[in-house]
Every structure is written in C-alpha cells, then in structure tokens.
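Residue numbers (our numbering), protein chains in the order written: chain A, 1 to 333; chain B, 1001 to 1318.
Derived from the structure by calculation, the hints contain no laboratory data. Treat the hints loosely; a few may be bogus.
[To be verified] So the derived list for chain A, only partly shown, Cβ under 7 Å to chain B, looks like this:
#1 G126
#2 A211
#3 D212
#4 D271
#5 A303
We put the CB at the ideal spot given by N, CA and C, even for glycine.
Residue strings, one per chain:
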Amino acid sequence: MPARRRHARLLRFAPALVLIALALPSSAFGLPNRGWVSGTGDDANSCSSTAPCKTFAGALTKTAAGGVITCLDPGGYGTVVIRKSIAIKCSDTEAGIGAAGTNAVTVNAGVTDKVTLKGLDLNGTGVGPRTGLVGVRVLSAASVHITDSEIYRFKTGVQANLSGGNRDVSGRVVVANSHIHDNDIGIYNSPGFYMGFDGFTSLTARNNLIADNDCGIVTSSTLPSTTPPDTSSAMCGVPFEAGGFNRTTVTSIFGNGIYDNEQGVFVEHPDALALVAYNRIASNSVFGMRRLDSATLQTFTPATNVIVNNAATDPPNSVVAQTKRQAKRNRGR
Amino acid sequence: MPAPRRHPGLLKFAPALVLIALALPSSAFGLPNRGWVSGTGDDANPCSRSKPCKTFAGAVSKTAAGGVIRCLDPGGYGTVRISKSIAIKCSDREGGILAAGTAAVNISAAATDKVTLRGLDLNGTAQTGGVGVTVTGAASVHIVDSEISGFKTGVWVSPGGSPTVTSMRVVVANSHIHDNGIGLYNGPLAGYGEYSSLTARNNLIADNGCGVVTSSAGSSALPPDANVSECGAQASQFFNVTAVTGIFGNGIYDNGEGVFVRGTRALAQVAYNRITGNDLGMHRLDSGTLQTYTPATNVIVNNAATDPPNSVIAQTKR
C-alpha cells in the first residue's frame, strides 16, 4: 500500500511544517489587497480605510503583491521604492511626493511584475537649478503605467532605465494624460547597464502636456552620461559617444502637446527609434525635433503632427505611409 | 600661526552676525514648501495641514517660493496676487475665487518665476470688469483643469507689466472657459515686451463674446473689453510686439467670434480644433496671420461666417 504509506510519512513531518509556518514572517501571506494612506494616518496602523497609514512606503509593506493603495485625502506621502506588483491610485486627491535631492518613486520589481501609478503629484521642489533626481525611475518591471500625474522640478521626470540586474530583460513603460513640466529632461528612455543583447526598452507617451522642460522627451540607445541624466553634463543627458553599447530603445510619442521646451523631441544613437504621431510640437526655443548619430526619427503620412514655431527642427529620416497599410489590410480581408 | 588666529578673529564678529540674523525678516527663510487652505481655515494659522489658512493670499505669504498650496476642501479662497514661483492646486476640490470687478489671480512675478494653477474655479459673476487670470510677468504660467467664467477677460496674457518681463510663455490646458466677454487674450501690455506666447490645448471654449484673441498691438482698454473695440484688440499700432497663440485641440463653440487675430505680428496657429456654432468661426484683421495646416486638421463648420486662413503650411514632409 504505497499510497497510504506516503501519507503516513507526511504526517510524521507535520510538527516540523507547523514550526516552519510559524517562523515565516506574517507579511508573507494574509496581507490585504487594499491599503489606504491619509495625511493624518500613522504607519503603525494596519493601513485599512478606517486606520490608514501615513506613507506609501508604509502601506506598501502592508499590502499584498497585486494590491491597490489608495489615498483618502491630499497629503505628502513620501518617497517609495516598489519591488512587487502594486497600484498606487490617488486621482483627485493629489497625492504629493516631495523629493528634494532624491528619487520620488523607484520601481525595481521582478521581470513579471506590473505597476500602476495614477494621480500622483511628484515634486522635485525648489526654484532655480533642479535638485530633485528622478520623478519615476524604472529599473525593472514587466510593465509600468503612469497616468493622470504631475511630475516637475526633477533632473529627469520619468526615466525608463531597464537593467534588471544581470538579466536579459525587456520592459514597457506607458506615460499617459500627465503634466510633465519644468524638468531638466521630461521623459528619458534608455537601456540600463545590465540590459542584455536580447533586451529592449519601450516607452509610450500618450496625450501628455510636456512643456517648459530643457528637453521634453529623450530616446537614447546607449547608457545615460550620468545618474540621473541631466542637461548640465551632456546635451539632453545623452553621451556624445555610444561607446559600443547599443540596445533597441523605442519611444512612441502619440498625441502629446510638446511646447515651450528648449528641445522637444530628442533622439540619439543607432538603435534609438522615436515614433512621432499626432503631436503638436510648438514654440520650442532650440529644436522642435532633433536627431543625432544615426538615430531614427519616424513620422507618418498622411501627416499627423503639427510642428510649428520652433527655433529649428530636424526632418524625420523615416516616413512611413499609413495609407498603403490600410489598403493592404483591406485586401487581406 | 595663521590658522588658529583666523578663528578667534571670526569669533569677534559673532555678536554682530547674530544681530544681523535677528534683523532679517523671518519670512526671508524657513518658510515651508507646502501651504494648505480650507473653507474652515484661518489666516492667523501657519497654513499647515492641521492648521490651514482661509485664503490663497494668506497661504502665499506663508509658503516658500517654489512651494505648493493645496485645498483641503472646496471653498471660496479669495483673490490673490502672485509675485514669486508658486503652485496652487485644488483639483476636484474646486478652489473657488469669486472676483466681481477685479482680477481673481494677478501674476506679476519675475522673469525667472514659474507658476502653476490647477483645479481652480474662477467666477467673475457678470462680466462686469474683472479678469480671471492676469499675467504681466513670469517665465512660464501653466493653467490646467480649471473653470473660468463671467469675466470681462478670462485669461489675459500681457507681458510688459511691472516688473518688466520681456518674454513670457503661458499654457492653458484641459480647462472650461465660458461666458466671458473674451475667453483668452494674448496681447502685450506695452511696446517693451518682446515676445508673448500662449498655448491653448484641449480646452472647451464656449459661449464667450470672443473665444481666443491674439493682438500684436495690445488692447484698447485695460483689461481688454469686447465692448470697447472688436474683441478688445487695438487698431492703431503705437507698438507691434510678436504675439503667438498655439490653438491646438480645443472645442470652440457658440462664441460671438471663435478665433480672432489682429496686427502684423500677431500669429494664431490653429490645428486639430473643432470650431462650430460661432457667429464668426475665425476672423482676421490688420494683417494678422491665421495659420492652418495640410492635410487639414480642424473641423470648422456651422459658423455664420469664417475667414479663410492666410497661411497654410504643409506638414507632409514632417
């Protein structure tokens, strides 16, 4: 009777299994799927809606992976490092993170983890030269969605810097319906140091107001010149030499208002590709769009962008007709 | 022994240094970066979250330059003059300012200052005189997610005020601009401005006497008044300053005149708008430039009349 014997053997281990279970930290299971923060909360609380926590970092430790953290009211909820799937949602409560001299949100999660940030107010603080480092720095995740947020006064507003720590990793970041202004660099998409040859980094910016930055939206297929990228060390934070490090870096720039920056769209180095459609790119004081070192600046026909009143602008080096595509698709039907 | 001697020398000045520190106004440093207002607040409070102030003006005086003022709840927070970098943010709590016959927000800051206004509800009551937001000086001003109604002029961009700022960039986005004499007015105040830029993106601009006005010769009255001259713009040009208005993705409905541009250095860039139901959809006077693009991006229909653009730029190569 081998089956019965197996059960009996398992039972012998039961006391040990119980001990192991007791030794595990309680946070490993049983965490609620919802956490709450409030300006009048306390991190000693359970982060329930009736006993909310004070900081995002506090709520993160008390909310299950895949859970949702919501703000009860406006407040300053502190900088946070995210290492698991989580959503932080504070639409209409303007959850503030003041981040003088540091990063506001760092996403350093697993390669299958997904993170949503909605309705945040990320402030690098101060006047004059920006001292806040990065608003949202994405080092590792399967996908990160940033929506309905305001990100300002940073050296870099949003940095997709997927490296994954020695893993061949790809990541996808979306920034939508957000107000990104008064940064050295609004959005910066480049690979990170550990990006393997099979990895690629994708960032999609949709329907944002990207205004009054030194550089609006930057795509580079090599490593940034500094951590974080800033405009004082290199033009739009991109080193002049790619240094042999090139990984596929794609930025889709769709339906944004890109105004009053020094340089609106900036793309540099051979494996960098900026797809530019349905944007209004106007009144940028140095370049509307700028392309350097064999990068690809792609637009579409019939024309979708309006690019006017900039001091200068580079023409795209790739123009893809969308009419033929429609025709081909129709033929296939 | 030069090093040891230097320290006793400094110590001699210590009492004087303390006196200097005491003499400085306390507001010169140590102001918090965050201020709070509440409908139940009090301006005698420090404007902290637990002790909020009652008015924007009170909170501005107690918040550091570059700081952020927020509303804890909906309320009427009073007119405010802004002369430094600041952000006022009240999304979905509708920070209200009632301003009969005056300016709800008057921004007269330095050429390096930046101002953000978000989620405000500015109400001029009956177009009797006031302005929703007057901008005479700043590096940049962003007005988003706000409602501006019942003013002689909703947003008045007029560089060249005091302190003199020669170049200014204002963005109005995702806002509801309605029932004003003039919705948005971009025109220099006097001849010493050099460049005046206004970008209007994704707004609902409806039921105004004039929707979006661009003038390179200032206005015939202060503030611009659609009852004094056509859409408030000045005909005779003692000065002529570059005024550029980017009008992108707006709904411009049911106004007397939707888009109006006047003067040789006035440029209205009109793309991706829906301009319908106006008496005059677009109107151009005195060599103003009314610019659109091909392939066509605007839908301009069902207006009683409309001027054709005098500049059409092909975007195909882009």
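Where does the structure disagree with the numbered hints, that is, which hint numbers, in rising order? Hint 4 contradicted; others consistent.
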